[in-house]
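There are 2 protein chains.
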Amino acid sequence: MNNFVYHSPTKVYFGQGYESQIGALLKEHGFRKPLMVYGGGSIKRSGLYDTVTASLKDAGLTWAELPGVQPNPLLGLAKQGIALFRAEQCDVLLAVGGGSTIDTAKVIGLGVPYDGDVWDFWCGKADPKTGIPTVAILTIAAAGSETSESAVITNEDGMQKKGRNSIFNRPLFSILNPALTATLPAYQTACGAVDIMMHTLERYLTLPGEVELTDRIAESVLLTVRHWAPVAIAEPDNYEARAQLMWAGSLSHNDLTGCGHASVFINHKIGHELSATHDTAHGASLAIAFPAWAKYSYLYNVPRFAQYAVRVWGCEMDYQHPENTALAGIQATEDFFRSLGMPVRLSYIDVPESEIDLLANRITANGKLSFKSYVDCGTKEFTEILKLAK
Amino acid sequence: MNNFVYHSPTKVYFGQGYESQIGALLKEHGFRKPLMVYGGGSIKRSGLYDTVTASLKDAGLTWAELPGVQPNPLLGLAKQGIALFRAEQCDVLLAVGGGSTIDTAKVIGLGVPYDGDVWDFWCGKADPKTGIPTVAILTIAAAGSETSESAVITNEDGMQKKGRNSIFNRPLFSILNPALTATLPAYQTACGAVDIMMHTLERYLTLPGEVELTDRIAESVLLTVRHWAPVAIAEPDNYEARAQLMWAGSLSHNDLTGCGHASVFINHKIGHELSATHDTAHGASLAIAFPAWAKYSYLYNVPRFAQYAVRVWGCEMDYQHPENTALAGIQATEDFFRSLGMPVRLSYIDVPESEIDLLANRITANGKLSFKSYVDCGTKEFTEILKLAK
Numbered sequence: 003m004n005n006f007v008y009h010s011p012t013k014v015y016f017g018q019g020y021e022s023q024i025g026a027l028l029k030e031h032g033f034r035k036p037l038m039v040y041g042g043g044s045i046k047r048s049g050l051y052d053t054v055t056a057s058l059k060d061a062g063l064t065w066a067e068l069p070g071v072q073p074n075p076l077l078g079l080a081k082q083g084i085a086l087f088r089a090e091q092c093d094v095l096l097a098v099g100g101g102s103t104i105d106t107a108k109v110i111g112l113g114v115p116y117d118g119d120v121w122d123f124w125c126g127k128a129d130p131k132t133g134i135p136t137v138a139i140l141t142i143a144a145a146g147s148e149t150s151e152s153a154v155i156t157n158e159d160g161m162q163k164k165g166r167n168s169i170f171n172r173p174l175f176s177i178l179n180p181a182l183t184a185t186l187p188a189y190q191t192a193c194g195a196v197d198i199m200m201h202t203l204e205r206y207l208t209l210p211g212e213v214e215l216t217d218r219i220a221e222s223v224l225l226t227v228r229h230w231a232p233v234a235i236a237e238p239d240n241y242e243a244r245a246q247l248m249w250a251g252s253l254s255h256n257d258l259t260g261c262g263h264a265s266v267f268i269n270h271k272i273g274h275e276l277s278a279t280h281d282t283a284h285g286a287s288l289a290i291a292f293p294a295w296a297k298y299s300y301l302y303n304v305p306r307f308a309q310y311a312v313r314v315w316g317c318e319m320d321y322q323h324p325e326n327t328a329l330a331g332i333q334a335t336e337d338f339f340r341s342l343g344m345p346v347r348l349s350y351i352d353v354p355e356s357e358i359d360l361l362a363n364r365i366t367a368n369g370k371l372s373f374k375s376y377v378d379c380g381t382k383e384f385t386e387i388l389k390l391a392k
Numbered sequence: 003m004n005n006f007v008y009h010s011p012t013k014v015y016f017g018q019g020y021e022s023q024i025g026a027l028l029k030e031h032g033f034r035k036p037l038m039v040y041g042g043g044s045i046k047r048s049g050l051y052d053t054v055t056a057s058l059k060d061a062g063l064t065w066a067e068l069p070g071v072q073p074n075p076l077l078g079l080a081k082q083g084i085a086l087f088r089a090e091q092c093d094v095l096l097a098v099g100g101g102s103t104i105d106t107a108k109v110i111g112l113g114v115p116y117d118g119d120v121w122d123f124w125c126g127k128a129d130p131k132t133g134i135p136t137v138a139i140l141t142i143a144a145a146g147s148e149t150s151e152s153a154v155i156t157n158e159d160g161m162q163k164k165g166r167n168s169i170f171n172r173p174l175f176s177i178l179n180p181a182l183t184a185t186l187p188a189y190q191t192a193c194g195a196v197d198i199m200m201h202t203l204e205r206y207l208t209l210p211g212e213v214e215l216t217d218r219i220a221e222s223v224l225l226t227v228r229h230w231a232p233v234a235i236a237e238p239d240n241y242e243a244r245a246q247l248m249w250a251g252s253l254s255h256n257d258l259t260g261c262g263h264a265s266v267f268i269n270h271k272i273g274h275e276l277s278a279t280h281d282t283a284h285g286a287s288l289a290i291a292f293p294a295w296a297k298y299s300y301l302y303n304v305p306r307f308a309q310y311a312v313r314v315w316g317c318e319m320d321y322q323h324p325e326n327t328a329l330a331g332i333q334a335t336e337d338f339f340r341s342l343g344m345p346v347r348l349s350y351i352d353v354p355e356s357e358i359d360l361l362a363n364r365i366t367a368n369g370k371l372s373f374k375s376y377v378d379c380g381t382k383e384f385t386e387i388l389k390l391a392k
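Here the protein sequences come in this chain order: E and W.
Quick note on my numbering: the first sequence kicks off at 3 and runs consecutively.
Quick note on my numbering: the second sequence kicks off at 3 and runs consecutively.
Simulated from the structure, these hints should not be mistaken for laboratory data.
Bear in mind that the values here come from a model prediction, so they are computed numbers and not experimental data.
Treat the hints with care, as some may be off.
Treat identical chains as interchangeable: a pair holds within one or across any two.
Below, a list of computed lysine-lysine pairs in the DSSO-like style, where the Cα atoms sit at most 30 Å apart [said to hold, decoys possible]:
hint: 1; residue 1: K13; residue 2: K392
hint: 2; residue 1: K131; residue 2: K13
hint: 3; residue 1: K382; residue 2: K127
hint: 4; residue 1: K382; residue 2: K131
hint: 5; residue 1: K370; residue 2: K392
hint: 6; residue 1: K127; residue 2: K29
hint: 7; residue 1: K131; residue 2: K59
hint: 8; residue 1: K29; residue 2: K13
hint: 9; residue 1: K35; residue 2: K131
hint: 10; residue 1: K29; residue 2: K131
hint: 11; residue 1: K13; residue 2: K164
hint: 12; residue 1: K29; residue 2: K164
hint: 13; residue 1: K46; residue 2: K81
Work the whole structure out from these sequences, hints included.
Here it is, written out as structure tokens:
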């Protein structure tokens with residue numbers, strides 16, 4: 003087991019009704035004026051906006067608002083948020099939405115106390131020394147941003163989509179009410195399920211692999227999504243299904259599923275480029291990346307892929323030819339993604355083969371990427387991977 | 003899934019060598035003078051005392067010391083610690099040891115800022131409003147106190163052993179170096195393994211049970227202990243075995259294994275009385291309590307006990323007679339405890355049958371205990387349970 007540091011201090015209020023306590027909870031923490039960040043009209047249509055603002059009023063709080071966060075959120079809006087936060091003299095960020103909304107709030111949180119361009123933190127020019135706390139009310143089980151230290155943002159200048167980790171990105175507290183996700187369309191539910199699985203798999207399918215406890219926890223997350231994602235899609239207001247997915251989403255990306263071994267996150271690199279160039283939903287982009295990456299990679303790590311196939315997908319172990327078991331697990335994953343209505347090839351989202359070189363070049367714009375014990379990947383390797391996704 | 007609040011903010015430094023950074027880490031957090039709490043001579047014999055004090059000196063820190071913590075730690079020593087902390091104007095507690103040492107530090111942490119008798123918090127007279135932070139360097143995988151909100155102490159007045167939960171009990175950070183546990187005797191390693199399993203089982207064998215993700219995580223902890231405890235006993239300096247047990251210990255009691263359903267902790271009530279009256283090691287007392295409690299209880303919850311038997315012990319499911327599977331899982335647990343060298347009956351620790359009434363009366367001194375969906379247990383019920391342990 004490798005040395006590791008684990009620090010996931012976000013307080014989680016999980017279950018029905020906590021969102022109506024948001025005003026009191028913010029007040030209890032000594033805040034007086036949140037900047038409320040949200041997306042389009044969905045929280046207004048669902049009544050969540052009214053619940054939250056009523057709770058803020060009841061607690062005697064005022065607030066400012068930054069609506070308009072889109073999937074694959076943009077740096078420009080976050081910069082508006084930084085200016086607004088300062089002008090309105092807010093003291094906390096209140097993100098009401100999914101990963102894009104929470105990530106936008108996190109970018110604002112790092113940007114407000116920083117004199118330079120907040121992009122500095124994403125392009126590697128500077129390290130954050132402090133941050134304004136973010137609080138989240140989650141509306142989709144997917145990104146895990148409600149407990150993670152990660153924030154992903156797209157800079158419109160060159161459509162660069164990048165993630166940044168920082169302890170200041172961990173929300174102070176998050177409210178997770180599964181009932182708030184009951185109105186999600188099937189496609190978004192499926193995208194979320196894939197994202198949860200991929201946050202886990204990027205930490206699990208690593209070399210050297212085994213850390214028994216961590217692995218079994220990762221498998222627990224995967225088995226839970228395997229079981230409950232189809233239920234949530236078939237019965238959108240099945241509370242238990244929504245709850246299992248929501249808790250799986252938080253645990254998949256709060257670092258628990260990777261304690262003690264390396265992480266890969268190579269599929270996220272591919273996915274981010276697809277999202278940046280084609281505005282593909284994050285989960286969908288990962289559903290395309292994974293089968294290709296896995297088929298390219300499994301021979302480097304047959305025992306690990308075989309374990310995945312047996313423990314998560316119930317494949318029969320082929321002791322004489324474990325590579326067959328490994329492949330069966332990859333196929334089972336692809337079939338599962340497909341059954342959820344996810345695209346699993348570039349052609350499904352109308353990305354022609356002729357674009358593969360461009361994508362491979364974008365991924366490796368800053369040189370080869372080292373994924374620890376897997377092969378270092380340059381343009382050539384990514385081209386080969388992407389060809390498996392055509 | 004029931005509503006729950008999950009908050010486990012302790013930062014964990016896991017792996018080799020972190021203990022030599024303790025001075026720098028304390029300084030980084032702005033502390034200037036820890037009260038170092040520890041047990042007998044073992045940390046002096048192992049060299050850990052020297053490593054820690056050298057690190058404190060290197061960081062330019064001074065410190066005070068409270069040695070002498072015993073297993074089943076006593077309130078009197080903690081009260082000395084409170085006085086010492088105040089007199090020496092310390093600003094943080096540094097526990098170097100196992101659960102007893104960390105719990106003693108936690109009691110001091112709640113007591114220092116409190117004007118009344120610190121026992122008030124344990125006997126239910128008062129709720130802590132604040133606390134001095136505790137930092138831990140762990141030397142045994144067992145109690146989970148290094149991340150938990152629990153602190154157990156024994157009041158010499160009537161030998162009352164009681165636990166108290168509080169967010170102020172969560173250590174600020176904990177250093178977990180599995181190599182520090184390599185010198186533990188087999189008996190202590192085994193006691194620790196049982197304690198880890200029981201922290202998990204008290205949250206897992208509950209009614210209503212199923213929360214798939216939580217359950218699978220609990221099973222992950224149990225399977226990990228099942229695999230690695232015998233290895234750690236056979237090969238005391240097997241780092242991987244020590245590491246798996248240590249991380250299992252922290253996750254077993256930081257609340258993760260119980261999210262979304264009730265907890266029982268009835269075996270702990272029995273165990274605490276055995277420890278208070280016979281100074282039985284905590285893990286050993288639980289190894290005696292569990293088989294008896296489980297045999298008394300399984301018929302209230304056959305599906306859950308059967309799931310435990312199949313998933314954790316690999317028992318064959320008897321679909322026609324699931325109660326047989328449930329019993330096989332209990333037997334497998336008892337056999338496992340026995341194989342680790344644990345006592346599994348009262349007679350093994352020389353508690354005669356004639357003492358059962360006294361024990362049952364002590365457990366229920368404040369009236370019947372309600373264990374949610376299991377039967378409420380009064381003197382009659384505890385007598386029946388204890389008879390199964392004779």
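query = In ascending order, which of the hints set out earlier in this document are inconsistent with the structure?
reply = Failing hints, ascending: 1, 4, 12.
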